[in-house]
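As given, the protein sequences belong to chains A and B, one line each in that order. The working numbering puts the first sequence at residues 1 to 428. The working numbering puts the second sequence at residues 1 to 187.
Treat each hint with caution, since some may be false.
Pairs of lysine-lysine, DSS-like flavour, derived with a Cα cap of 25 Å [unchecked claim]:
# : chain 1 : residue 1 : chain 2 : residue 2
1 : B       : Lys21     : A       : Lys197
2 : A       : Lys402    : A       : Lys367
3 : A       : Lys202    : B       : Lys21
Think of the hints as simulated: they come from the structure by calculation, not from any bench.
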Amino acid sequence: MAIKPLVTKDFATENLVQLKVYERTGGYTGYKKALEMQPDALVEEVKKSGLRGRGGAGFPTGNKWSFLPKGVYPRYLVCNADESEPGTFKDRYLIEKSPHQVLEGILIASYAIGCNLAFIYIRGEYLPQHDALETAIAEAREAGYIGKNVFGKGYDIDVILHRGAGAYICGEETALLTSLEGYRGEPRLKPPFPAIKGLYGKPTVVNNVETVVNLPHIVNNGADWFKSIGTPTGAGTRVWCMSGHVNRPGNYEVENGTPIRELIEEHGGGVWKNRKLKAFQPGGASMMVLLPEHLDVGLDFDAIAKAGSLAGAGAMVVMDETTCMVDAARRYVKFFHHESCGKCTPCREGTFWMANIFDAMEAGEAKPADIDLLLEIGYGIDGRSFCPLGDASTWFPRSVIKFFRDEFQQHIAEKGCPFKKQPQEAVA
Amino acid sequence: MPLAKSTADHIKDLAQRYPSKQSAIIPALWAVQHEQGYVTPEAMAEIAEHLGLPASLIEATASFYSMFLTKPEGRHEVVICVNAPCMLRGADEMTAYLGRALGVRDGGTTADGAITWHSTIECLGACGGAPMMQVDHQFEENLTEERIDAIIERLRQPVAVAAPAPAAASERPKRKAPAPRRTRSES
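Working from the sequences, and respecting the hints, build out all of it.
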C-alpha cells in the first residue's frame, strides 16, 4: 500500500513551528474554510469522513460531537494531550513539529460544536511541548485566529493551556475533566457521559491530539477524499510509535490497513541485530501481545481487534527472541500499580498483588500455583474496575501467560530469570 | 517563606482566568514550585487564601500528583525511565551506570547538591529514543555511558555558568535563583 503521509506531510519543512511557515504550507486554510460553513454542516462532514478518535477507543468523532444536547451552553472542547500510555510518543511529536496544526484542529472542532472556550490538557512531563503550544497560541491570538469576533464572523474563541502534574489516569477522559476542575484526578461514573455533563457539569467534547490534527485536512479536502484513504471502517492514517527491538525506532505515519509487517520491516528496518521476532504489542502497555503469525494483520482498529489485541493509542512495541516476556509484563504491571488512582478496590489492590507476584517471579521466589493465581487476580480486576485502567492492567500479562506460559514455568523451576545472568534489582 | 508578590499576583490572575477558580489550583501549585522549588504547607495555605478556597482542598489535590514536591532536592532533576519499551533497549544497564556515576542510590541527591536522580516506571514519552531520561524536563535520548558522563559533567558546573533554564513561558513567573527545585513527592 502506498505511503500517504497526511498529518505529517509537511514535517520536513524548516521552522514549521512558526505561524508564518505553517501558513505557507496551507496552514489555517481549513479553519478559514470551516468558518464559512454552518457548524451543523461541519459536524455532518466530519461524521461522513469516518474519522475515528485516535486516543484509543476509536469512537467516531463526528458522532461524539453530535451527542451534545441542543441549546445547552456554555459547552467546552478539551484536547487530550495527556499522552502517557507506555509505548506512545506521537502527541509529543505532533506538538513539537507542528503546534499550529494541533491548534487549528482544536479551533475547527470548537467552532463545529459551538464552543467559545477550549482547553488543552498537556501532561506535566511535556514541558518543552507545553512551551511550544503556548507560543503557538500567542501567535494565533496575535494573528486573529483566536479572540473575539474572529474574522468578523461573530465567533468568539479562547484557548487555555493547562498543564497536568504526573498522573496517567488523567488520560481517561472523565479523570481528565476532574483534574481540570482542580480535584484529584479520579474518574467519574458514566453515564452521564461528558457530552451531557462534562467540564463544570456542562456539555463537553474530549478529543485526542491525533484526532484533531486530521480536521484541517478533512475540511480542506472533503469527507469523500478522507474516506478514500485507509480501510472501510478505518478512514485515514495513523501515526505509529515504534519502539523496542527494531533498527529504526520512531514515529511513522501509515495508511490504515497497511500490514504490520510493512511497518516493522520497511519503516522500522526490521528486528535489530539480525535476531528473530518473538512478539509485538500494538497499542501500548495495555494491549495484548501478538506473535509473528500476526504480521500480516492490517494496522486498523477492527483488524487488530479481530487478531486478539487492540490498536489502542497506536504504539508498536517490538520484542526480539532474547526478550524476557515475564519481565516485560512485570514492568507494565508495576506501571499500572503505580498509576492506579486508588478509587476502586479491584484495581488498587489487584495491581498491587499482581506486581508482588511478578517481582517474586523475577527474584526466583514464585511458586507453581502463582501462574494461575495471576490469572485469577486478573479475572477479579477485568470488568470489575471503575474505569479501564484496571481492566487494561490485566490484558498484557494474561496474554503473555497464554502464549508464553513456559517462560513462567522456567522462572519458577530455575528459581530466577533464565534470560539474565545477574539477579535483578527491583525497579521503581 | 511567603510567596513572592509576582507569584501571588499570578495566582490571583489565574483565579480569574478559569470559569471556576478551583481550576487554578494545579497551575498555582506549579507557580509555587517554580518559585520555591517545592510546595510547603505554608505555601498551600497562601494559595488557599489567594483563591478563596479551603487549604485542605489545595493539599488534597497536591498530594495526588507525583510531580509536586514536598521537600527540597538538588539543583537539577534527572529522571530515567525503566518501563518495558526502555528496558528492551538497555534502560536497566543505563540506570545502574547512572547510579554508579553519581555515587548515590535511586532517589538520592549528590553530595554537592547538584543532582537528584530517580528511576521511574512512568513512561516519559520517548520510547523511540530509548534508553532515555529527562534532565530538568528536557529530553535526553539514545543514552550511552559516554552521553551520561557528558550530561553529568554539564550539570555539575557551578551555578553561574550552568546551562540556561528552558525558555521561560509567559505564564510562569521567572525564578530568581536556581535554588532547590523540583523533586517528586512520595507516590
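Verification of the supplied hints:
1. B:Lys21 / A:Lys197: Distance ~19 Å between B:Lys21 and A:Lys197 Cα, so the pair holds.
2. A:Lys402 / A:Lys367: Status holds; Cα separation ~18 Å.
3. A:Lys202 / B:Lys21: Roughly 16 Å separates the two Cα atoms, so the pair holds.
Every hint, counting from the list given before, is met by this structure.
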